[in-house]
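Asker: Take a look at the letters that make up each chain.
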Amino acid sequence: MMLFLFLLVGISHVWLNSKRTQIGYSLSQIKKEIEKIEEYNRKLKLEIASLKSPECLEKKAGEEFGLKYPLPQQIVFLP
Amino acid sequence: MRIKDKKWIRIRIYITGICFFLVFCLIFLRAYQLQILKGSQLSSLAKKGYTGKLTLTSQRGTIFDRNGKELALSIEVDSLYCYPKKVKNKRTTATHLARALDLDKKDVLKKLHSSRPFVWIKRKITPEEINSVKKLNITGIDFTKESRRYYPCMETGAHVIGFASQDNKGLEGIELKYNRYLEGQEARFSRIHDALGRPLVFDGLRIEKQNPFNLILTLDKDISYKAQKALRKAVEGSRARSGVCIVMRPQTGEILAMAVMPESNPNIFWQYQPYKWRNRAVTDCFEPGSTQKAFLLAGALEEGVISPETVINCEKGEHAVGNFIIHDSHPFGMLKVSEIIKFSSNIGAIKIGQRLGAERFNYYLERFGFGEKTGIDFPGERKGILRPVRNMRLIGQSTLCFGQGISVSPLQLAMAFGAIANGGHLMRPYIVKSIVDQKGKTIRNFYPLIRRDVISPETAKKVRRVLEGVVRKDGTAPKAAIKRYSAAGKTGTAQKVDPIKKTYSNKKFVAIFGGFAPSDSPALVILVALDEPKGIPYGGVVAAPVFSDVGYWTLNHLNVAPSFPPAGSLSASKARTLRAGQRDFSHPIERKKKIVALSSDFPGSIPNLIGLGVRDVLKKTKQLGLKVVIKGSGMVVKQVPESGTPLEKDRLLTVIFRPPA
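Taken in order, these protein sequences are the chains called G and V.
The numbering of the first sequence is our numbering, which starts it at 3 and goes up by one.
The numbering of the second sequence is our numbering, which starts it at 123 and goes up by one.
Please keep in mind that the hints were generated in silico from the structure rather than gathered at the bench.
No residue lacks a Cβ here, since even glycine has one placed at the ideal position from N, Cα and C.
Honestly, I wouldn't trust all of these hints.
[Said to hold, decoys possible] Partial list, computed: chain V residues near chain G (C-beta under 10 Å):
1) Gln181
2) Ser196
3) Met456
4) Glu481
Using the sequences and the accompanying hints, generate a full structural model.
Answerer: Structural data, given as structure tokens:
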């Protein structure tokens, strides 16, 4: 009986340790993944900000869509 | 067995026992030595073997404009380094690297021959460069991540934002001033790794970690872009040496734009000469020229020594002060004070100054903030020069009236115009609106601050009325007039001092226009200054168009009601009345709207419920938060108040229902 208990405790200890190591590996892997995605997100934000910069918008609106600034008589003031 | 043999066996047992005892004693002593005496030292030695420290340099905080658009942000990029001792065949490696990274081969070779264990080859390289280096498959070189700062709006607002170095330190502008908030701190983690050095787990022994903060500025990137564009056009058109355009909210002191020429792109700041980095709006000073007359007028009106209608003799353009003769650009005879400002008569200004007195004029200049720092949250501000009256000769006191013998920064001038625009309060200018953490929680807010009250609201109003004349057709700056909006301001064409001759130059000028719009309730103060324009140097000719252009665009951008709407449109006052909830149906456009309002729901007014059932009425009124009294059943035949009436809080609506016939 004692031997059985001793074995059980020993095996559980080894199992728990190996599980801990495994989880540790996957955790650091996930953390790396999160960092990567966050960084990618930041890069996309930079791209959005660059594309939305007034200079870029003005250029695209003018060259690609033929838009112009409205003339004073084309602006209607609404209350 | 003989007794002798038995004795010998016992002795052997004793000897063996003693040996075992001694061995156990030794083991015990060794264990005591390892566990107790050297325990902590050895365990820390072991820990070093399986744990490692990871230092993460935090990314620099983001800078946003007032509308939450990014003006500066950091992302991670790769940097290439090498361990020179591990690199074999250095000459070939240098050739390949130089080609892949567009570097000088000699420089690379020098780095590879370095005696140091670690050398940077190239920092913050592009993804294309990474790929081409990876293809070379060279031993002894590796990549590491570093943070790089980007400024997506490039030249727009560049002189205000400043820039940060490769090592993440703020070097100029807001990046420098708020470096301690933007920089954050290094985060150090302890981690357990396996025999191959792969991280197993971060054990959470965080030594220190402080995330950087983000900044929200008062700048508007669209207004900044417009100001920069208009200023660039003016500086290039007049071939001026430099230029400044400040757009500010007079009621709060918030800086909406601060455009500076010559411009620089902070993404590649090292390619520009340092003089192009300087924010001239804050760091440079010049004589204000005739713009000074606006403050002379304010002081004289406040003291009651003149009124706008007071008539002064301008002596046909020649006036003697001691041994000096003061001239006007055009000979004027008798002029009203308002006309003196409108036509910018120097002699008239001297005579106003004489009535006010040099002491009192100096006092008002001090009150308007000249000769002291504005207190803006920006590095390198200069306070200019305002000499005490006792150090001035009579001629100095006289020329001070038209802006000679005093030095001011463009920002000081803008703030002084702001005081006239907002009813007499001298505000503290500010650029940072708030500091927020990474989750968007506000850490610190910055609020408008009145530095002092300079003149009374009545005087300010009188000055505004007089300054309106300057932008009229017969004033000195008709080009400053803004279409559909009332505007007011003052021109200045200040002669620069020739450093060799030490006299005022007849060729070098600073052209200035400072003003505000709409003049009845100013929403903006704009100050434009161009240094050494070629050709016609007058402020009313070269600086005023920038004021008009930026003013018109910005007022539209901020949805400010026009002062003079075109025929068929609504007037500003009527528009205000309508917004206040009192509808005026006498206007042609409004009459049209009334018809629309009767047939469908008009936002901000009580909806038309006629013909609806009880359920629909309750649904609609609940959405609008109205209290309803229901009378009868069936369909709505009458409602009190009628549809189209402006919505008010806690409005009680009575609805009468009748069963359909």
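Asker: Closer than 10 Å between Cβ atoms is the bar; does serine 196 of chain V clear it against chain G? Give me holds or violated.
Answerer: With a closest approach of 8 Å, the serine 196 of chain V hint holds.
Asker: For the hint on glutamine 181 of chain V, just tell me whether its beta-carbon gets within less than 10 Å of chain G.
Answerer: 8 Å, holds
Asker: Does methionine 456 of chain V pass the interface check with chain G, least Cβ-Cβ distance below 10 Å?
Answerer: Cβ of methionine 456 of chain V sits 38 Å from chain G, so the hint is violated.
Asker: Let's test the interface hint: is any C-beta of chain G closer than 10 Å to that of glutamate 481 of chain V?
Answerer: Hint on glutamate 481 of chain V: violated, closest Cβ of chain G at ~47 Å, above 10 Å.
Against the hints set out earlier in the document, violations occur for numbers 3, 4.
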